[in-house]
Amino acid sequence: MSDKILDIFSQYELKARIFPGLITIAPFSLTILIWYPELISFESSFITIFILIIILFFLAKVARERGKKLQTQLLKEWGDFPSVIFLSHTDNTINNQTKKRYHNFLNEHIDELNLPNKKEEIKNPALYREQYKSAVDWLLEKTRDNTKYSLLYQDNINYGFSRNMLGIKPFGIFFAMFSLAIDLFGLYQSHSFNLLESPLKVIISIFLSVFFSLLWLFFVRKKWVESTSRTYARTLLATCEKIT
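Everything in the sequence shown is counted per this note's numbering, starting at 6 for the first residue and increasing by one.
Simulated from the structure, these hints should not be mistaken for laboratory data.
Errors might be hidden in some of the hints.
Quick list of simulated restraints, FRET-style, between CB atoms [unchecked claim]:
| no. | residue 1 | residue 2 | range |
| --- | --- | --- | --- |
| 1 | Ile56 | Pro175 | 19 to 29 Å |
| 2 | Phe183 | Lys105 | 48 to 58 Å |
| 3 | Asp96 | Glu146 | 19 to 29 Å |
| 4 | Thr152 | Leu200 | 48 to 58 Å |
| 5 | Val215 | Pro175 | 10 to 20 Å |
| 6 | Ile59 | Gln102 | 45 to 55 Å |
| 7 | Ile209 | Thr95 | 45 to 55 Å |
| 8 | Lys227 | Ser155 | 22 to 32 Å |
| 9 | Glu70 | Asn100 | 54 to 64 Å |
Each residue gets a CB set at the ideal place from its N, CA and C atoms; glycine is no exception.
Please construct the entire structure, taking both the sequences and the accompanying hints into account.
Structure representation (structure tokens):
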């Protein structure tokens, strides 16, 4: 079954775009099914699944568009893509000897590229920032083979997933909170807020709604996206020592 799904979607589409939408509607879907199990009947389940699939694909589209828009905002805050920043002499993320090897490799393999030494960069940082961007663009083109550069591909997926999760965060919070409201209303109607007398499925539903609410509020943050982007950048630059 999973192989058939992967035949329809690439790993990137599935994990970076579909999964954020799936996580967004998960608490609402589970809450509705727990409180209204009659929707699982054959006739109604078909309609329910059809509606959820439409919502899922809509949210996947929203996650992608909002993620791209968010990336533009984040780049203004960061100054540029981390891969570009890491090549600069003013950044200490990559040690000097490793960075020197990267610079030498890029200068040797890219026509008309002349990455600067530290003094040259200080004199004209804007000019050499464009050189760094050009070098990164070249690396991206040279590492499009997702099988050969599988680690880079996975790090790219992780970055896309975190970025799109942050982009769709308002929707995630809404669905999680709305699910919790349904749980609390149902608990009040059926057991007057007495959790101890509630069936296990109700407790599970409340737990899941709270869990997803906390996930969106405290885990899906800019720091997470920045961390995955920096990991992706380091892996991308490390391909300088693998490209032949």
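Structure-based check of all given hints:
1. Remark: the range hint 19 to 29 Å for Ile56 to Pro175 is upheld by a beta-carbon distance near 21 Å.
2. With their beta carbons about 54 Å apart, Phe183 and Lys105 fall inside the hinted range of 48 to 58 Å.
3. Remark: the range hint 19 to 29 Å for Asp96 to Glu146 is upheld by a beta-carbon distance near 23 Å.
4. For Thr152 and Leu200, the hinted distance range of 48 to 58 Å is satisfied, since their beta carbons lie about 51 Å from each other.
5. Judged by the Cβ atoms, the range 10 to 20 Å given for Val215 and Pro175 holds: they are separated by roughly 18 Å.
6. As the Cβ distance of Ile59 to Gln102 is approximately 54 Å, the hint placing it in 45 to 55 Å holds.
7. Separated by about 52 Å at the C-beta atoms, Ile209 and Thr95 satisfy the suggested range of 45 to 55 Å.
8. Distance hint check: the CB atoms of Lys227 and Ser155 are about 27 Å apart, consistent with the given range 22 to 32 Å.
9. Distance hint check: the CB atoms of Glu70 and Asn100 are about 38 Å apart, inconsistent with the given range 54 to 64 Å.
In this structure, only the earlier hint numbered 9 is contradicted, and the remaining ones agree with it.
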